[in-house]
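Based on the provided sequences and hints, a complete structural model is requested.
Keeping their order, the protein sequence lines are chains A and H. FYI, in the working numbering the residues of the first sequence are 3 to 115. FYI, in the working numbering the residues of the second sequence are 14 to 125.
Hints are supplied without guarantee of correctness; some may be wrong.
[As the list claims (entries may be wrong)] Here are some chain A residues the structure puts well away from chain H; computed CB gaps all over 10 Å:
#1 T4
#2 Q8
#3 D9
#4 P10
#5 N20
#6 T22
#7 R61
#8 D65
#9 S68
#10 K73
#11 G74
#12 S75
#13 Q86
#14 T103
[Unchecked claim] Derived DSBU-like pairs (lysine-lysine); straight-line CA-CA distance at most 35 Å:
#15 A:K73 to H:K51
#16 H:K69 to A:K59
#17 H:K18 to A:K13
#18 H:K84 to A:K59
#19 A:K59 to H:K81
#20 H:K50 to A:K13
#21 A:K16 to A:K59
#22 A:K16 to H:K50
#23 A:K13 to H:K81
#24 H:K67 to H:K81
#25 H:K51 to H:K18
#26 H:K69 to H:K84
#27 A:K59 to H:K51
#28 H:K67 to H:K84
#29 A:K13 to H:K51
#30 A:K59 to H:K50
Hints were generated in silico from the structure; no laboratory data involved. Owing to the predicted nature of the structure, the values given are computational and were not obtained by experimental measurement. Just so it is clear, CB atoms sit at the ideal spot from N, CA and C, and this is done for glycine as well.
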Amino acid sequence: DTGVSQDPRHKITKRGQNVTFRCDPISEHNRLYWYRQTLGQGPEFLTYFQNEAQLEKSRLLSDRFSAERPKGSFSTLEIQRTEQGDSAMYLCASSPTQGNTIYFGEGSWLTVV
Amino acid sequence: DQQVKQNSPSLSVQEGRISILNCDYTNSMFDYFLWYKKYPAEGPTFLISISSIKDKNEDGRFTVFLNKSAKHLSLHIVPSQPGDSAVYFCAAGGYTGNQFYFGTGTSLTVIP
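In structure tokens, the structure reads:
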């Protein structure tokens, strides 16, 4: 059990560029979540997958945000045409089954300049 | 719509004493609750959970109490240690685990 892994840990990008974050969940966890956290706030739910199916995406912040989990293992979160307001920590989490605890990765810091 | 609230942004406690962190929620459909600890620049680390069929759950120095009628839960840390200094988040959701709602956190400082 190596924990939830996220890459990159830090990303600085210019406004208008696209960025992609990758998440590798704990092996055999079939649920995967993306959250966003800004300073002074708690994690904010964005989307989640059960295996490769994206079961909830209505909380994605805009149509510039998209997530995939093509083979039910790792996932990617893409932000297109980044804006300064996208600067935040993007957290990935996984859980083994319904109702169980979710375990977070170390997060990916995004700074849009 | 802040469905989970932690009304104390910060708390300071002497080493060895009890730390009590509070959390309130508004949605009576929530039936699974978690506490996380977070250090700066790291992801939240799971501490302890409780389901609505219980009113107390213990794990070592950490105990979570749930008062469903008041929609309130609390985390007790006894005895508090300097290494406990961190931001603590409570989270609430349904047992289906579709999504969890987090509070804004309480920053705990344990003074040696």
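Checked hints:
1. Listed as outside the interface, A:T4 is consistent with that label: its C-beta sits roughly 14 Å from the nearest C-beta of chain H, beyond the 10 Å cut-off.
2. Not every CB of chain H lies more than 10 Å from the CB of A:Q8, the least distance being 8 Å, so the non-interface label is violated.
3. The claim that A:D9 lies off the interface holds: its Cβ sits roughly 13 Å from the closest Cβ of chain H, which is beyond the 10 Å cut-off.
4. At roughly 14 Å, the least C-beta separation between A:P10 and chain H is larger than 10 Å, which holds for a residue marked as non-interface.
5. Listed as outside the interface, A:N20 is consistent with that label: its C-beta sits roughly 24 Å from the nearest C-beta of chain H, beyond the 10 Å cut-off.
6. No Cβ of chain H comes within 10 Å of the Cβ of A:T22; the nearest lies about 19 Å off, and the non-interface call holds.
7. Taking the minimum C-beta to C-beta distance to chain H, about 7 Å, the non-interface status of A:R61 is violated against the 10 Å cut.
8. Chain H leaves A:D65 outside its interface by the beta-carbon criterion, the shortest separation being 20 Å against a cut-off of 10 Å.
9. Its beta-carbon lying about 18 Å from the closest one in chain H, A:S68 satisfies the requirement of being farther than 10 Å from that chain.
10. With a least CB separation of 22 Å from chain H, A:K73 remains clear of the 10 Å interface cut-off, as annotated.
11. Residue placement check: A:G74 keeps its beta carbon more than 10 Å from all beta carbons of chain H (closest about 17 Å).
12. Separation of A:S75 from chain H is adequate, the least Cβ-Cβ distance of about 19 Å exceeding the 10 Å criterion.
13. Separation of A:Q86 from chain H is adequate, the least Cβ-Cβ distance of about 20 Å exceeding the 10 Å criterion.
14. Distance check on A:T103: its Cβ comes as close as 5 Å (rounded) to a Cβ of chain H, failing to clear the 10 Å threshold; non-interface status is violated.
15. In summary, the hint linking A:K73 to H:K51 is supported, as the alpha carbons are separated by about 31 Å, within the 35 Å threshold.
16. Between H:K69 and A:K59 the alpha-carbon distance is near 33 Å, which keeps this suggested pair within the 35 Å criterion.
17. For the hint pairing H:K18 with A:K13, the CA-to-CA distance comes to about 31 Å; that is within 35 Å, so the pair holds.
18. For the hint pairing H:K84 with A:K59, the CA-to-CA distance comes to about 28 Å; that is within 35 Å, so the pair holds.
19. For the given pair, A:K59 sits about 29 Å from H:K81 by alpha-carbon distance, which is consistent with the 35 Å threshold.
20. Pair hint H:K50 plus A:K13 holds up; C-alpha atoms about 24 Å apart against a cutoff of 35 Å.
21. As the CA atoms of A:K16 and A:K59 are separated by approximately 26 Å, the hinted pair is consistent with the 35 Å bound.
22. With a C-alpha separation of about 32 Å, the suggested pair A:K16 and H:K50 falls inside the 35 Å cut-off, and the hint holds.
23. Distance check on the hinted pair: A:K13 and H:K81 sit about 42 Å apart at the alpha-carbon level, beyond 35 Å; violated.
24. With a C-alpha separation of about 9 Å, the suggested pairing of H:K67 with H:K81 holds against the 35 Å cut-off.
25. Distance check on the hinted pair: H:K51 and H:K18 sit about 17 Å apart at the alpha-carbon level, within 35 Å; holds.
26. Taking the CA atoms of H:K69 and H:K84, the gap is about 14 Å. The hint holds against a cut of 35 Å.
27. Annotation: proposed proximity of A:K59 to H:K51 holds, straight-line Cα distance about 26 Å (limit 35 Å).
28. Using a Cα cut-off of 35 Å, the hinted pair H:K67 and H:K84 holds, with the two alpha carbons roughly 13 Å apart.
29. Using a Cα cut-off of 35 Å, the hinted pair A:K13 and H:K51 holds, with the two alpha carbons roughly 21 Å apart.
30. With a CA separation close to 26 Å, the supplied pair A:K59 and H:K50 stays within the 35 Å bound.
When the structure is compared with the earlier hints, violations turn up for hints 2, 7, 14 and 23 and for no others.
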